[in-house]
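S.K.: Converting from the sequence shown to the working numbering requires adding 15 to each position, the first position being numbered 1.
It is worth saying that the hints were derived from the structure and are not from the lab. All C-beta atoms in this analysis are idealised placements derived from N, C-alpha and C, irrespective of residue type, glycine included. One or more hints might be untrue.
To be verified - With beta-carbon atoms standing in for the labels, derived distance ranges:
#1 Ala318 with Gly251: 34 to 44 Å
#2 Ala123 with Gly251: 21 to 31 Å
#3 Gly149 with Ile252: 44 to 54 Å
#4 Leu17 with Asp335: 58 to 68 Å
#5 Ser34 with Ser107: 30 to 40 Å
#6 Ala318 with Ala342: 17 to 27 Å
#7 Gln83 with Glu18: 51 to 61 Å
#8 Thr303 with Asp56: 41 to 51 Å
#9 Asp116 with Gly275: 38 to 48 Å
#10 Gly275 with Asp335: 49 to 59 Å
#11 Ala208 with Ser107: 21 to 31 Å
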Amino acid sequence: MLEVRAEKLRREVLAVAGSGAGVTQLHERAIELVGETVRSDLTCWAMLDPETLAISSMTSGRSRIPQQYEPLLAESEYNGDDPGTFAELARSGRTVARASDLPADEVAHSLRHGAVWAPLQLGSEVRIVFRVDGVCWGAAGFVRSGPDFTDRELEFLTLVAPGLAVATRAASVHAPAVSGRGDQGPAVVVTDAAGDPIALTAAARSWQDRFDEVAPGRLTVVLRAATFGARSSGSGIFKARVRDAEGGWILVRATALIGGDEPQTVVTLEPAVGGELTGLLLAAYAVTARERDVCADVMAGYATSEIADRRGITVNTVQDHLKSVYAKAGVRSRAELAARLRTGREH
16 MLEVRAEKLR
26 REVLAVAGSG
36 AGVTQLHERA
46 IELVGETVRS
56 DLTCWAMLDP
66 ETLAISSMTS
76 GRSRIPQQYE
86 PLLAESEYNG
96 DDPGTFAELA
106 RSGRTVARAS
116 DLPADEVAHS
126 LRHGAVWAPL
136 QLGSEVRIVF
146 RVDGVCWGAA
156 GFVRSGPDFT
166 DRELEFLTLV
176 APGLAVATRA
186 ASVHAPAVSG
196 RGDQGPAVVV
206 TDAAGDPIAL
216 TAAARSWQDR
226 FDEVAPGRLT
236 VVLRAATFGA
246 RSSGSGIFKA
256 RVRDAEGGWI
266 LVRATALIGG
276 DEPQTVVTLE
286 PAVGGELTGL
296 LLAAYAVTAR
306 ERDVCADVMA
316 GYATSEIADR
326 RGITVNTVQD
336 HLKSVYAKAG
346 VRSRAELAAR
356 LRTGREH
């Protein structure tokens, strides 16, 4: 019975992704479908940056997590202390993790469980990641009061995870063309030890509206995540590509400032284009390693014969690779392919 439900859900979410829906629309429908089998009081679904495992977008169910708790959830994901974060689950190779199966002392000291779920009287949590071809594209968390999540519910989530991964990967490339916003100068925010902004450029202030179009207070959550992500990173640098309300990509980078009496972090915001976007899109289109090589040469401006010589293959093979990539990316020419891989937009 579970297998039948899982297959039905897989077919529907793939149909939604195939219709051209973006990640938010896909996850909104998936929340409804999964909720028919797995009850939760609150649920939050994320697209993950497949290269950094940072959260790129968030979609809630009908009952939204109270806004005042969202910065705390962001901090818990990136402070390096909380158990069962989405990134940790993705790296572990597991698909589903139930909080009651984690070490009790770790859960007891968890910011997420102690400062968010406990005040909301939500004692049970389960998390799932969406992985396909070894790459993690998304994740979801479910919390509820009352009985813990059952083994049968975990089995269902495990069954639907692959289909959700394929659908999320497919939906991640859907971004309509939009008009340019013009050069407003560098968008820079300086945050304090808590991740709250203490100084920002005029350009950064204008970006607040762009983030808040996704959800009220979204920039606050992103700044908190970037601050704690940089602080807990071994390199001291945080980088993530996050989605905007139009389906485009924003590059968020953060690093600690040197000097000063109190810890401060500088966060920069800019459109994600060019090399910052190409790798993600190639993965989203399920481009093979050999096709990636050809795409790299196309982006560098090499002619077909030059690509054949560089890669030690025939001209016909180059053309076959290009035809395959064109079909995956939904383009018809080198120019369209290059534009798509540089901007992620449909032209």
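S.K.: Range first: 58 to 68 Å. Now tell me if the beta carbons of Leu17 and Asp335 are that far apart.
M.R.: With Cβ atoms ~41 Å apart, the hint is violated.
S.K.: Within 34 to 44 Å: is that where the Cβ-Cβ distance between Ala318 and Gly251 falls?
M.R.: About 43 Å separates the Cβ atoms of Ala318 and Gly251, which means 34 to 44 Å holds.
S.K.: That 38 to 48 Å hint for Asp116 and Gly275 (C-beta), does it hold up?
M.R.: Between Asp116 and Gly275, where Cβ atoms are some 42 Å apart, the hint holds.
S.K.: Do the beta carbons of Ala123 and Gly251 sit within 21 to 31 Å of each other?
M.R.: 29 Å, holds
S.K.: Could one say that the CB atoms of Gly275 and Asp335 fall in the range 49 to 59 Å?
M.R.: Holds, since Gly275 and Asp335 (Cβ atoms, about 57 Å apart) stay within the stated range.
S.K.: Given the range 30 to 40 Å, decide if the beta-carbon distance of Ser34 to Ser107 lies inside it.
M.R.: 33 Å, holds
S.K.: In this structure, is the beta-carbon distance linking Gln83 and Glu18 contained in 51 to 61 Å?
M.R.: 41 Å, violated
S.K.: Can the suggested window of 41 to 51 Å be confirmed for the beta-carbon pair Thr303 and Asp56?
M.R.: 43 Å, holds
S.K.: Please check whether Gly149 and Ile252 have a Cβ separation lying inside 44 to 54 Å.
M.R.: 25 Å, violated
S.K.: Has the hinted range 21 to 31 Å been met by the Cβ atoms of Ala208 and Ser107?
M.R.: 30 Å, holds
S.K.: Holds or violated: the 17 to 27 Å window for the beta-carbon distance between Ala318 and Ala342?
M.R.: Distance hint for Ala318, Ala342 holds at roughly 21 Å.
Violation of the numbered hints given earlier is confined to hints 3, 4 and 7; the remaining hints are satisfied by the structure.
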